[in-house]
Amino acid sequence: MRSRIYLPLLIFIAALIGVQQITSYTGTAYYLTQLTMAAYYCLVIVGLCLMIGYAGQISLGHAGFFAIGGYLSAFLTTYDLTPMKDDRIISFLAKAGFLWTREDLYGGQMLIFQPWAACIAAVLSAVLIAYVIGGPVLKLKGHYLAMATLGFGTIVYRIVLGMTALGGADGLSDVPPFKILPFLEVSGEMSDRVQNYYIAWGLVVVAVFLSLNLIHSRIGRALRSIHGAEDAANAMGIDTARYKLYTFVLSAAFASVAGVFLTHYNGGIGPSEASIMKSVRYVAIVAVGGMANLWGAVVMGTLLNFLSLRGYFGTYDDAVFGAILIVIMLFVPRGLLHMDIVRDLKALLSGRDEEAV
Amino acid sequence: MRIVRFLAVMLLFAAVTVTPAAAKDTIKVGALLAVTGPASFLGAPEAKTLEMMTDEINKRGGIMGKKIELIIKDTGASPEKALSFAKQLIEEDKVLAIIGPSTTGETMKIKNLAEEGNTILLSCAAAEVIVNPVAKYVFKTPQNDSFAVIKIFDEMKKMKISKIAVLSSNTGFGQAGKVQIEKLAPEHHIQIVSNEVYDKSATDLTAEVTKAKASGAQALLNWSIEPAQSIVIKNARQIGFKGRIFQSHGFGNIKYVAAAGPAAEGVIFPAGRLLVADVLPANNPQKSVLMSYKRDYERKFKEDASTFGGHAYDAMTILTRAIEKAHSTDSAAVRNAIETLKGVVGTGGIFNFSPQDHNGLSMDSFVMLTVRKGKFAILGN
Amino acid sequence: MNIDLFFQYIVAGVTYGAIYAVVAIGFNIIYNATGIINFAQGEFVMLGGMTAVTLHHFLPLYAAIIAAVVITTAVGGLIEILFIRWLRRPSVLRVIIITIGLSIIIREAAMHIWGEGVRALPYFTGTSVTSVRLGGVFISPQVLWVAGITALMVAALNIFFGHTLTGRQMRACSANQQAARLCGVNAGNMVTLSFMLSAAIGALGGCIVSPITYVQYDSGTPLAIKGFTVAILGGLGNSFAAVAAGLVLGILESFSIWVLPAAYKDVVSISVLLIILFLRPSGIFGSAETARLKEF
Numbered sequence: 007m008r009s010r011i012y013l014p015l016l017i018f019i020a021a022l023i024g025v026q027q028i029t030s031y032t033g034t035a036y037y038l039t040q041l042t043m044a045a046y047y048c049l050v051i052v053g054l055c056l057m058i059g060y061a062g063q064i065s066l067g068h069a070g071f072f073a074i075g076g077y078l079s080a081f082l083t084t085y086d087l088t089p090m091k092d093d094r095i096i097s098f099l100a101k102a103g104f105l106w107t108r109e110d111l112y113g114g115q116m117l118i119f120q121p122w123a124a125c126i127a128a129v130l131s132a133v134l135i136a137y138v139i140g141g142p143v144l145k146l147k148g149h150y151l152a153m154a155t156l157g158f159g160t161i162v163y164r165i166v167l168g169m170t171a172l173g174g175a176d177g178l179s180d181v182p183p184f185k186i187l188p189f190l191e192v193s194g195e196m197s198d199r200v201q202n203y204y205i206a207w208g209l210v211v212v213a214v215f216l217s218l219n220l221i222h223s224r225i226g227r228a229l230r231s232i233h234g235a236e237d238a239a240n241a242m243g244i245d246t247a248r249y250k251l252y253t254f255v256l257s258a259a260f261a262s263v264a265g266v267f268l269t270h271y272n273g274g275i276g277p278s279e280a281s282i283m284k285s286v287r288y289v290a291i292v293a294v295g296g297m298a299n300l301w302g303a304v305v306m307g308t309l310l311n312f313l314s315l316r317g318y319f320g321t322y323d324d325a326v327f328g329a330i331l332i333v334i335m336l337f338v339p340r341g342l343l344h345m346d347i348v349r350d351l352k353a354l355l356s357g358r359d360e361e362a363v
Numbered sequence: 009m010r011i012v013r014f015l016a017v018m019l020l021f022a023a024v025t026v027t028p029a030a031a032k033d034t035i036k037v038g039a040l041l042a043v044t045g046p047a048s049f050l051g052a053p054e055a056k057t058l059e060m061m062t063d064e065i066n067k068r069g070g071i072m073g074k075k076i077e078l079i080i081k082d083t084g085a086s087p088e089k090a091l092s093f094a095k096q097l098i099e100e101d102k103v104l105a106i107i108g109p110s111t112t113g114e115t116m117k118i119k120n121l122a123e124e125g126n127t128i129l130l131s132c133a134a135a136e137v138i139v140n141p142v143a144k145y146v147f148k149t150p151q152n153d154s155f156a157v158i159k160i161f162d163e164m165k166k167m168k169i170s171k172i173a174v175l176s177s178n179t180g181f182g183q184a185g186k187v188q189i190e191k192l193a194p195e196h197h198i199q200i201v202s203n204e205v206y207d208k209s210a211t212d213l214t215a216e217v218t219k220a221k222a223s224g225a226q227a228l229l230n231w232s233i234e235p236a237q238s239i240v241i242k243n244a245r246q247i248g249f250k251g252r253i254f255q256s257h258g259f260g261n262i263k264y265v266a267a268a269g270p271a272a273e274g275v276i277f278p279a280g281r282l283l284v285a286d287v288l289p290a291n292n293p294q295k296s297v298l299m300s301y302k303r304d305y306e307r308k309f310k311e312d313a314s315t316f317g318g319h320a321y322d323a324m325t326i327l328t329r330a331i332e333k334a335h336s337t338d339s340a341a342v343r344n345a346i347e348t349l350k351g352v353v354g355t356g357g358i359f360n361f362s363p364q365d366h367n368g369l370s371m372d373s374f375v376m377l378t379v380r381k382g383k384f385a386i387l388g389n
Numbered sequence: 283m284n285i286d287l288f289f290q291y292i293v294a295g296v297t298y299g300a301i302y303a304v305v306a307i308g309f310n311i312i313y314n315a316t317g318i319i320n321f322a323q324g325e326f327v328m329l330g331g332m333t334a335v336t337l338h339h340f341l342p343l344y345a346a347i348i349a350a351v352v353i354t355t356a357v358g359g360l361i362e363i364l365f366i367r368w369l370r371r372p373s374v375l376r377v378i379i380i381t382i383g384l385s386i387i388i389r390e391a392a393m394h395i396w397g398e399g400v401r402a403l404p405y406f407t408g409t410s411v412t413s414v415r416l417g418g419v420f421i422s423p424q425v426l427w428v429a430g431i432t433a434l435m436v437a438a439l440n441i442f443f444g445h446t447l448t449g450r451q452m453r454a455c456s457a458n459q460q461a462a463r464l465c466g467v468n469a470g471n472m473v474t475l476s477f478m479l480s481a482a483i484g485a486l487g488g489c490i491v492s493p494i495t496y497v498q499y500d501s502g503t504p505l506a507i508k509g510f511t512v513a514i515l516g517g518l519g520n521s522f523a524a525v526a527a528g529l530v531l532g533i534l535e536s537f538s539i540w541v542l543p544a545a546y547k548d549v550v551s552i553s554v555l556l557i558i559l560f561l562r563p564s565g566i567f568g569s570a571e572t573a574r575l576k577e578f
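Chains as they are written, first to last, in the working numbering: chain Y, 7 to 363; chain W, 9 to 389; chain C, 283 to 578.
Since the hints were derived computationally from the structure, they do not count as laboratory data. As the structure is a prediction and not an experimental result, all values here were calculated from the model. The beta carbon of each residue, even a glycine, is placed where N, CA and C say it ideally should be. Mixed in with the good hints there might be a few duds.
[Said to hold, decoys possible] One-sided and incomplete, this derived list gives chain Y residues near chain W with beta-carbon spacing under 8 Å:
(1) Tyr36
(2) Ser179
(3) Asn272
(4) Gly273
(5) Ser278
Just chain Y, same shape as in the assembly (with noise of 0.2 Å):
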């Protein structure tokens, strides 16, 4: 049992390891930019999968936690703290090897937030805000959890928008690079694109790893039971709530721990990755994955995320993943990369009443 969940982990590792091989041997590691990025939105797609696919639950928002890490990250190691060392609560986290100094552009010296702190600080407010949300949240149903998570990410979007700390419209730049071990950093030095690659993609396959027990412990076949019938789970004594809650604060952990590490890849953070249009695209990759099919998601992720980031899909971009939601929930609600595919269409073709999905 165990072996056959793992085999794909093991094969998927194999493969990551083959592209990158293939890369350097053809000359065209430059590709390793944009599989490095499409990673980090794989790593938001795998825990909205678990969301959506296995719980059930629709989230419009997670763009929202994206942003909260990225953007809370980039904050604490870009704003100088200068002007506040002598401040009691500053100097103690000098002393206590939180804060560090940078030279910025203008030659002068900076005194910012360590790259780990920033990073332990941001994942953790998402996490905190997706535990206190998620109670109300995903008490609600149908259109209402849809709208209330819709509402979430128009808020974080409208913040980041309006914070003149947070560079507003222009975003913040300048970013530095996360240095996790001495010969391991996040940079989006072309010299460190290998390692970045590993690393990148080394965090889906925990997130993966971590989602595939979730998914074959008690916690998943109570998960699918609320996604059949959460009321019939619940009188059979499975708290649902608490379940739903445990995913949601979960995948609110991935999308920022995405949202941290390509900030630093990227050297900085914009609107643009809290925006409703990000959180869609991240539904409509799963729904091409076929909903509860983590392998689905992560491939589709990764594939959509590739082509759109090397720009293949023009000015298009946006217009292409619309029709991808259409077609994909028209046709083949169950995903794209689904055993059933073939009798799916089928079905649909000779009219006869589909499951609802």
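Chain Y is fixed; fit chains W and C onto it per the hints.
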């Protein structure tokens, strides 16, 4: 079964690795423009202008016998895309120069990239941080926001206005202007009695202008680039605000005047001379450049030329001049040549570059305009 | 704050409120007939405004508006026939995603057709600077047009749903489609009709507000979010309540800028929505009892 399909998709990635071999005798120029998305009013005319100019240059036989190969990428105003595309242009396409991005946020995120990749960046965004501190390879064509603010404040002083209400939108353009206004107001003895930021998609601003009117301001200064700027003047006149209304150079689009109707009459704003090209005296050095750009653009695309498209026009002009001057397509040589360019007549003004000044424009690149009978006119004429 | 100023804010609030209410009514019609929330409702408003502006180049104002409403109505019907009608018992999630997809496609199509430019119809009465003065308060005549037409629309809809056969059949479909079918109601046609009706109302709304708000390829989505907020605030499916909720929200937004920077206006209205959702999902005016009976 599922694994086989999965591997097939993974292989697809590997298969996308074939890039067509580029022709050797072209000059590759990249462009990162927000053709769609929230800044499409900048990116769309910029992209059209560049396509038009490239066609024209290539029809003439190119520069030094080499044709220009223009690669336009639509960023949708998102920095993450700008970054990904910039890496592609620099590393894979090995372009000589990148024109754009259209917005300050995107430009700031790829500034270091261009610098490290020794690729000339000719930004079409206005903020001063782009060229201050100076980065070797980074230039910009739009006028500084501070020029516009100083021009407005000088005009206010002439009109004996000292108390103003400031409105701005929550876009990069609006906020960059707001910062300059707040910074420059004290030294020009102007007091800001009300200062409001509104959303760029605002549909009615009565509440905001009501607050501004209640603050006792003698004049209203609005800084934005969206339709909201004609909503501001309409609402202000509707609630009976009688003072002068000043706008930023973002008002330089006749569509906004048409949309605001009679409310636009008498609005004062600084702008490049493109908008008043036809009424400029014949001896103005910019007249012929402006007229020919305007004529060509309007004939080809059946829409009014805007100053934004002009920024791209200037960027391409500067680049071609520098290539001719350097007589080389080596990026370092062309970069050095740009720094020595003097008296280049563009749509935004006359460019005089130097190693310290990577914008090259001066205060008189702006002229104060007003609206008279639904048309732009030079103030005081 | 003096009294004139107070009323000026109220007027501003009423203007916002009427605009939101028009969008919310469109949501409610489709919701009433199908239980579907059409996320592309804002796009109907945009389409109506854009088409009318384009047609106004050749036609007089009233004819352009009528033609725009007819065209948008046809688009609404077409959308239902192509994308919704043949789905059997689709889940809420599926329909939400389809309509979101539609809204993106319509918006992008509009961008490629009309470009990124901003358009507006002329003021129905007077010009952009005309205003009616009531004491110390100034009101644009267009605001009166919007308020008046919205009121007429609500009254007409009420008569339609309460006192005509077709209207009652539509309501029956919403309450229980299967039962309605058994009683001989052609449920499929009713759903198509509801899409056409809501497209028509959206388009008319788009025309009457366009002199105030302007219209652009992407002006649909923000309006849809506001309209949706108002629809939920009022209680889904109730058009009278939508108008009331629209006014409440509009006035709240207009006063909010007195204390908060205007950039956070949307944050205020959406926070109100979230609080209402958490505490009273049936809306301010809706009855909790009926809300529980409805299927989501």
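Structure-based check of each hint:
no. : hint   : verdict
1   : Tyr36  : 5 Å, holds
2   : Ser179 : 4 Å, holds
3   : Asn272 : 5 Å, holds
4   : Gly273 : 6 Å, holds
5   : Ser278 : 3 Å, holds
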